[in-house]
Amino acid sequence: MRTLLTSALLVLVSLGARAELNIQITQGVDNPIPIAVVPFSWQGSGVLSEDVAQIVINDLEQVGEFRALSRSNMLSMPSEENQVFFRDWRVLAQDYLLVGKIDRAPGSQLVQVQYELFDINREMKLAGEILTGSVAQLRDIGHEISNVVFEQVTGIRGAFTTQILYIVSEDIAPGEQIFRLEKADYDGARAQVLLESREPIMSPSWSPDGQQVAYVSFETDLPRIYTQNIATGQRRQITNYPNINSSPVWSPDGSKLAMVLSKDGSPDIYVQDLTNNQLLRVTNHPQIDTEPSWTPDGNSLVFMSDRTGQPQIYQMELGAASYNVERLTYDCFQCMKAKFLPDGVNLVHVRRETRQSPNYQISILNVDTLRVITLTDTSLDESPSVAPNGSMIMYATKFAGRGVLDAVSIDGRVKFRLPSSRGDVREPAWSPYFN
Amino acid sequence: MGKQRNQFSKIGLLAFTLLTLAACGATSETEDTGADDGGQVASTPPPATSSASNDSGQLTQEQIRAQNALRQTVFYFDFDVAEFKPEDRQTLTYHARDLAANPNKRVRLEGHADERGTREYNLALGERRANGILNYFIVNGASRSQVEVVSYGEERPAARGQNENSYSQNRRVEVVTR
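Just so you know, the protein sequences line up as chains A and B, in that order. Each residue of the first sequence is one higher than the last, beginning at 1 in this note's numbering. Each residue of the second sequence is one higher than the last, beginning at 1001 in this note's numbering.
Chain B on its own, in the form it takes in the complex (with noise of 0.2 Å):
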């Protein structure tokens, strides 16, 4: 009997996550098998970086959008929510797009967790938000191999406090260029 159900849950969640497979696909926390670049599941536009800056030498508008978002290297998440939140979409567009046109670029997505549950838990909560974030890399043209994952749980909050306050400050994924 216990059994049955299990296999019933398992296909419900099977269906479950092809449904949002289907609905974000960027966002899906569908672990790449590590070998290809994410090249088939390109949806999205290949990298569109504008290369050339106008006749003045002055930067475009693009590139000055560009420079402001790889300033940002830390990205918060909600309680128990592994996917990245849509404001932060676009300047994680930016990040991919940065990666890949320096194919010499490394960058290491540290994951983090709040402190609310198990230890272990958490340090599989913080992999799977900065997975979430690696396969939006890949997914925008960024090199497997340019990116590592490393997570750290709960054990290096950026905040002290039992309150929401420091939590919504210590789950989050930084982005730290090696």
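With the rest of the complex left out, here is chain A (with noise of 0.2 Å):
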């Protein structure tokens, strides 16, 4: 076994040198829901450090469906319901209002949050309830809330109490870079440093309970498995195997990770059982396997092959003999980094339509129909991640020649980007929810 050289600088602990990422919505639908959203009284002493009210707004219109009215053109400030004229909401042509108030919890350092949603038309309370917390859970309350009009309204459960994962990466000096694993809001607030190096971390993924995370760390020189507990930061390498270690990503029961391994050649595809450590091989075959995705039923898993001679998408049952695999994209001149989404039927992937067009977008292949619809107009889009809801995909791609995080909604009518203040950002991974 080989002596590592320690050369890479870890650093497990949130620094301030992280990258902060604000929210610009770059494409809305023609006909949002418009809401409005009063901000939420205050009861107590001195000022807020959160705007709850203003979470909600940022939430509601990011995904694009909602349109918040304008706080100065309200005609009234109601607080709760008995404050509430629908009449005063009509004349806006507003369809739904969100009401709240702060109070001190009594004779606690908490705070109670009360919010209420009402629909105009129907001049009814669709929610209503108290959410206790401190101070510094006022932004998680601020998205619970959301959730629960996004839920409401379009009856599809919010993700705004999700977060995402992603790699930055900084040149310190010539030739020098610094990579850094960060764990943020899934509006990239509130962005923490999981793990810190002098040399390259990639493809991070969660675990299915939202606890932990692998990824690749280049750390002793070589690239190899991790895991890490958000929580604790404790770490455990999963794999010291010759040549490459890559694409960690967890079964949906958790007690697996697929991998690829180059050890025996070229890269195929893996599956190391983490309770047992058994390692199985998937795919055999001399030319590159990699980018393994689980099926959402856990039983097959997709990967992106060139052995025609260019990337394309494949999908194998586990257990089933080498050669008894379907190859699922023939359309495109390299079709890559593909998983379903939970209906199992449409799959996400980075498609290069032709030779000639130089372009990587992020696309949606129907399996059934084989219907595509391409997403994305940028040329350099990668890593595509998709909201536990299904409803948006996050994904990378260079904006001024820096790396930023952009998202689009499923249909590609909404798009919104996380634009980073430093650093090149890519590589994210949407958490699954966390209760």
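These are calculated hints, taken from the structure and not from any lab test. Positions of the beta carbon are idealized from the N, C-alpha and C atoms, including for glycine. All clues stand as given, with none of them false.
Residues on chain B that point at chain A, a partial pick, calculated with CB under 8 Å: (1) Glu-1120; (2) Leu-1123; (3) Glu-1155.
If you follow the hints, you should be able to join the two separate chains into one complex; please do so.
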């Protein structure tokens, strides 16, 4: 076994040097749902650090389905039901109204947030409750309220309390880079550094319970797979095979990691059992097989292979003979990095249409109808990751020469961007639901 | 049906691989098994590094050529191509003979790709490029244990721009003496 060069500088704590991501809406829908979100009243002393109503507005507008009424146009500022006059909101052509108030919780440092959601046209209350937490949790409470509003109005579960992982690289001196694995709210707020290194970090992936992350780190000078408990920072090196160890992805039940190893020659797909460390070889082909992802039922793996000359997407049932591989894409010059949506029919992937058009874009292939929808129009799009409610896809692209994270709705109508104040940001991984 | 198609394309691929091997055995991408030193494919003459300098103690022409060749440690590749360029063959031969003549010398072949295409594929492409040079070294007398291969994919670009000039500088294998 070779000796390890420990030139990597590892920091497992959150640092001030994290990238701040600030959301920008770049494209919205034509007819967004009008909603009035009245500033929540605050009964305590001093000024609250968070504007809960504004957090809800930002959430709802980011996903593009909603447009919030400007505060300056409001005719009244109710904070609870008995102050609401539906007429005030009907004349402003609003469909929904959210009001709320924040109080000190009796006898504690906590605050309690009461909110109520109304349907203006039907003049009825749709939802309302009191959420209690610390002042530091006001942002979480705001996202929680957004989840309720979104689900009440659209019927789809909200993903506003989810988080993202991503990689940041920054040049610190000529030829010297620093790499960070960071975690943030889905909108880029409250970024935290999970790992920092002078050597590359790649391919972050959430465990299905949202408690752990798997990734590739070159900290020993070679690409090796690690898992890390997010809360405790405790790490475990999962692989130390010769050559490439990459692309870790958790099985839907969390018991296994699919991965790519080139220990037997060329990169092939393997599955490692995390409880008994047993390694199962899935593909066996002299060309490149990589980018595994699990089908929603956990029985098959989708992967990319250039066995016919250019990258195409294939699917293989676990335990099947290695020649029993089904090819899923035929109509692209290169199709890569694929993953099924929860429906098991629509396949999100990176597509380069022809050799002549050098653009890499995020597309969805319906494997039943073979219909392809291309969602993006930039040229270096990669690493698509789907929100747990299936409504948005976050991906990495280049803007003004820098790596940024963009998101697009599954129908392509809505886009937003999380530009970074520093460094190149890439490889977003959208978390599962945490509860 | 799909199954049959795949078997067919696999056979086609195998035939293609054999043809490629026949055409340019030294640059094939097939993996060495690790244990052997590539002796079975030694179609090229054994290391011919001229060992003696001439009487006056000056370097021979051949030694000068070898020294110059060893100064080139970065080798560039065409887009989506894993084989090194024909014009680098002679320089790489000198590198291989240098390893053969100095069994204690160790090198690391660091493979890189440009940013187009996905990161994982580029990681694999970088390894494929480095392995091409690794195999050429072994065929020309280097020992497998002298050479370590690592791919950085697109993670460590040499140039930053989104243009062919930068991309061509990033598609490379660096020979790093350890």
